[in-house]
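Visitor: Position one of the sequence shown corresponds to residue 808 (my numbering), numbered consecutively onward.
No lab work stands behind these hints, which were simulated from the structure alone. It cannot be assumed that every hint is accurate.
What the hints assert, rightly or not - EDC-like cross-link-like pairs, simulated, lysine to aspartate or glutamate; straight-line CA separation at most 20 Å: (1) Lys850 with Asp811; (2) Lys822 with Glu863; (3) Lys853 with Glu892; (4) Lys901 with Glu881; (5) Lys850 with Glu833.
Claimed, not checked - The following label-pair restraints were derived from C-beta to C-beta distances: (6) Ile846 with Ile882: 18 to 24 Å; (7) Lys822 with Phe859: 16 to 22 Å; (8) Trp842 with Ile882: 29 to 35 Å; (9) Glu892 with Leu870: 38 to 44 Å; (10) Trp842 with Ser888: 45 to 51 Å; (11) Glu843 with Ile921: 18 to 24 Å; (12) Val823 with Glu844: 23 to 29 Å; (13) Met808 with Asn828: 21 to 27 Å; (14) Gly889 with Glu848: 44 to 50 Å; (15) Lys822 with Glu915: 17 to 23 Å.
Model, not experiment: these values are computed from the prediction. We put the beta carbon where it would ideally sit given N, CA and C, even for glycine.
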Amino acid sequence: MIFDEISFHDSQILKVIENPNGQILEFIIYFPTNWEENIFEHKVLKFVGVIFYNVEEIPFSCLPTILNIVNLGEIEKDFSSGQNEWKTLRNRIKIETNSGNRIIEFTECSLIDISN
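Sequences and hints are given; from them, build the entire structure.
Guide: Right, dumping it as structure tokens:
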């Protein structure tokens, strides 16, 4: 998973955009591309197939900054629609910020460059 390969420490969350039609969450973040030279770039942390998003953060005087992203593993979810029932696997993560935590359950995640 992307969180096992990339460190998001010190990324600021600038905005979160929800697209309920595609079950998509897009985190617009200020991502450190070079810690030694203090270089940051705008990126999109995109979650697809989102079925759960919970924010437990206190009011804070600045933007939330990511301290750590914890991979909570895969979970199996049961769904039903009318007489149809199915199971699906979802990834679950906890985003720890300087003002609290965010939990997300999703199927796919990617880090996307923003063209200026």
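Visitor: Given a hinted range of 29 to 35 Å, is it respected by the beta-carbon distance of Trp842 and Ile882?
Guide: 33 Å, holds
Visitor: Assuming the hint says 18 to 24 Å, is it satisfied by the Cβ distance from Glu843 to Ile921 or not?
Guide: With a Cβ separation near 22 Å, Glu843 and Ile921 satisfy 18 to 24 Å, so the hint holds.
Visitor: Under the criterion that the straight-line Cα-Cα distance not exceed 20 Å, is the pair Lys822, Glu863 satisfied?
Guide: 16 Å, holds
Visitor: May I ask you to test the hint 23 to 29 Å on the CB atoms belonging to Val823 and Glu844?
Guide: At roughly 28 Å between Cβ atoms, Glu844 and Val823 fall inside 23 to 29 Å, so the hint holds.
Visitor: Do the beta carbons of Lys822 and Glu915 sit within 17 to 23 Å of each other?
Guide: 20 Å, holds
Visitor: Does Glu881 sit within 20 Å of Lys901, going by the straight-line distance between their CA atoms?
Guide: 12 Å, holds
Visitor: Given a hint of 21 to 27 Å, does the C-beta separation of Met808 and Asn828 actually sit inside it?
Guide: For Met808 and Asn828 the Cβ distance comes to about 25 Å; the hint holds.
Visitor: So if I understand the rule, the pair passes when the alpha-carbon distance is 20 Å or less; does Lys850 with Asp811 pass?
Guide: 18 Å, holds
Visitor: When you take the CB atoms of Trp842 and Ser888, is the distance between them in 45 to 51 Å?
Guide: Given range 45 to 51 Å: holds, Cβ gap about 47 Å.
Visitor: Check whether the Cα positions of Lys853 and Glu892 lie no farther apart than 20 Å.
Guide: Given that 20 Å is the threshold and the Cα spacing comes to 28 Å, the pair is violated.
Visitor: Sort out whether Glu833 lies within 20 Å of Lys850, counting only the CA atoms.
Guide: 10 Å, holds
Visitor: Take a look at whether the Cβ-Cβ distance between Glu892 and Leu870 falls inside 38 to 44 Å.
Guide: Given about 42 Å between the Cβ atoms, the range holds.
Hint compliance for this structure: hints 3 and 6 are not met, and every other hint is.
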